[in-house]
Amino acid sequence: MVISPETRTAIDTEIQRYPKKRGALLPALHLVQQDHGYVSPEAARELAQIFELMPVDVMEVISFYNMFYDRPQGRHHVYVCTNLPCSLRGARGLLEKLEAHLGIEVGETTSDGRITLGHEECLGACGYAPMMRVDGNYHEDLDEARAREILDALG
Amino acid sequence: MLTVPHTTSYLSEHFGDDAFTTLAGYRARGGWEAAKKALTKMSPDEVIALVKDSGLQGRGGAGFSTGMKWSFMPKDGDQPKYLVCNADESEPGSFKDRILLERGSQQMLEGIVIAAFATGAEKTFIYVRGEYAFPAEQLRRAVAEAYDAGLLGEKVLGTKFKHDVVVHIGAGAYICGEETGLLESLEGKKGQPRKKPPFPAQYGAFGMPTTVNNVETFSHVPHIVRNGADWFKGIGTEKSPGTTIFGVSGHVVRPGLYELPLGTRLDEIVFEHAGGVPDSRKVKGVIPGGMSMPILPAGQLDVPMANEFLRERKTMLGTGGIMVMDETTCMVRVASVITYFFRDESCGQCTQCREGTGWMNKIVERIERGAGSQGDLDLLLDVAGKMEAKTICAFADAAAWPVQGLLRHFREDFEEHVRQGKCPFSGSFQL
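Chains as they are written, first to last, in this note's numbering: chain X, 133 to 287; chain G, 486 to 916.
Derived from the structure by calculation, the hints contain no laboratory data. Here a beta-carbon is modelled for each residue, glycine too, at the ideal position from N, C-alpha and C. Keep in mind that the hints are not guaranteed to be accurate.
Covered stretches of chain G, going by a simulated chain X footprint (3 or more residues, C-beta under 8 Å) [what the hints assert, rightly or not]:
| hint | stretch |
| --- | --- |
| 1 | 571-580 |
| 2 | 649-663 |
| 3 | 674-686 |
| 4 | 740-751 |
Quick list of in silico lysine-lysine cross-link-like pairs, BS3-like style, CA-CA up to 27 Å [what the hints assert, rightly or not]:
| hint | chain 1 | residue 1 | chain 2 | residue 2 |
| --- | --- | --- | --- | --- |
| 5 | X | Lys229 | G | Lys907 |
| 6 | G | Lys907 | G | Lys847 |
| 7 | X | Lys152 | G | Lys640 |
| 8 | X | Lys153 | G | Lys907 |
| 9 | X | Lys153 | G | Lys681 |
| 10 | X | Lys153 | G | Lys680 |
| 11 | G | Lys645 | G | Lys522 |
| 12 | X | Lys153 | G | Lys647 |
| 13 | X | Lys152 | G | Lys675 |
| 14 | X | Lys152 | G | Lys680 |
| 15 | G | Lys522 | G | Lys647 |
| 16 | X | Lys152 | G | Lys681 |
| 17 | G | Lys674 | X | Lys152 |
| 18 | G | Lys560 | X | Lys152 |
| 19 | X | Lys152 | G | Lys647 |
Just some of the chain G residues that point at chain X, by a computed CB distance under 10 Å [to be verified]:
| hint | residue |
| --- | --- |
| 20 | Tyr567 |
| 21 | Arg583 |
| 22 | Glu616 |
Based on the provided sequences and hints, a complete structural model is requested.
What follows is the structure, encoded as structure tokens:
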């Protein structure tokens, strides 16, 4: 079993909040991912059992949503928003500089497994651009120096 | 970072005050009095009639009458009924629902309780986009406080009315902002929109009658109940009453949020409130209502921000996300960013949308690279035209409109790329 008993209990609590069991699938995927950083094929199979679904039903949900991962990720996710309002204020230049700073390209993870770098569509910070999302936190009104400082401080 | 609106009115008046985010602080400003009035002194039908009379229009983009939407909910039957709060704000250029959650969760919850009472809903699912971790945290705190104070749960405000709220976290998909895509996602599936009819009021969340409203729409409701329909109709325009929170982004001196009456002129928002374009450059074009809405050129900014006026200029209010582009901006680059977004976010269900968004992006990128032909311009319009009004949801239309708008007002930018075989705007933003 890759899903811990504690997480299983939390999933059961979530299931109680929905009129139909499957409503708790997204919450359950979030919980599993919090534990492991991604949803492995084993975890997806166990979730399929819990939710009385075919494994493919769980896999297609994982692949549909940007925030679920089906393979291991860096310890930290760094996403620069490159949608229009951010691009108008230099987001793509910033992203290029962060690629150079980390020595990786968008979509890649640093060799020490510390950071996965990506770009994301609109994150709802259009008035405070450019910005990046580091795990659950927004960092706004960025310049290159500040962005590098934030990345360097990540463990 | 605290990012309260630069101009405020009744929705955001107290957003600068930390106490307002707590139940005690909200109550000290008269919070929850409107819900008390609705639940103890009014009938559900009276609440619906009041909201209908106020003329409140949904603030999530489509602008449909809120009271009318509530009235579609069946009055009889023993099926459970649900409300869904659409907090999946993801229209590029829009960032108002975020502040309404971060600083005004109690206000929104009060609106939800009033709407639930009016429609007979026993439960509300608040669908918050997955990236909004901090707003969701604020909302969860507000929900817990409301339960502890008896404002949610078995006996709301000591009455017989029972209501539960579930905060549901999304996982990153623009299409889940579409109300039936959202319902599918809420049910634990891929967020692919449903065919309509049946509409959510008949067959909504988990197959039950459901009303879906946006965060801001709910937030207006307590003010309407407290101050009356006439008060609300006294703000904004005759057909579009009330305020909204405009988000201004792009090339302006003071980007940010501005709560202003509907009908405030676009040029007033851009030049007076947001300070115009930095370094005395000129405006080239402005997207008035989130990225799906067609752009307006600099000469057409003298328009009141309300649908009845914007429609005359072939665009719409949408979510009130105003994106300003200065004279250095290459509109083919803009088209490239926009078409990439829609290509990336199409749910893939309908052929016209899945294929059309991909081809529009490929054609625009070819033009931007300098490899396009004059025929590509008409090809783009042909593809866009074949995507409109042919799919299950409005996503394909939302992908076609901005391309049509850019070609309507900035065709010369596209032609110049073809003629020169390269991008002629050296100072434009990086792609």
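Outcome of the hint check:
no. : hint                   : verdict
1   : 571-580                : holds (count 7)
2   : 649-663                : holds (count 8)
3   : 674-686                : holds (count 3)
4   : 740-751                : holds (count 3)
5   : X:Lys229 with G:Lys907 : 25 Å, holds
6   : G:Lys907 with G:Lys847 : 16 Å, holds
7   : X:Lys152 with G:Lys640 : 24 Å, holds
8   : X:Lys153 with G:Lys907 : 55 Å, violated
9   : X:Lys153 with G:Lys681 : 25 Å, holds
10  : X:Lys153 with G:Lys680 : 23 Å, holds
11  : G:Lys645 with G:Lys522 : 14 Å, holds
12  : X:Lys153 with G:Lys647 : 22 Å, holds
13  : X:Lys152 with G:Lys675 : 16 Å, holds
14  : X:Lys152 with G:Lys680 : 21 Å, holds
15  : G:Lys522 with G:Lys647 : 16 Å, holds
16  : X:Lys152 with G:Lys681 : 22 Å, holds
17  : G:Lys674 with X:Lys152 : 12 Å, holds
18  : G:Lys560 with X:Lys152 : 23 Å, holds
19  : X:Lys152 with G:Lys647 : 20 Å, holds
20  : Tyr567                 : 8 Å, holds
21  : Arg583                 : 5 Å, holds
22  : Glu616                 : 5 Å, holds
Of the numbered hints listed earlier, the single one contradicted by the structure is hint 8.
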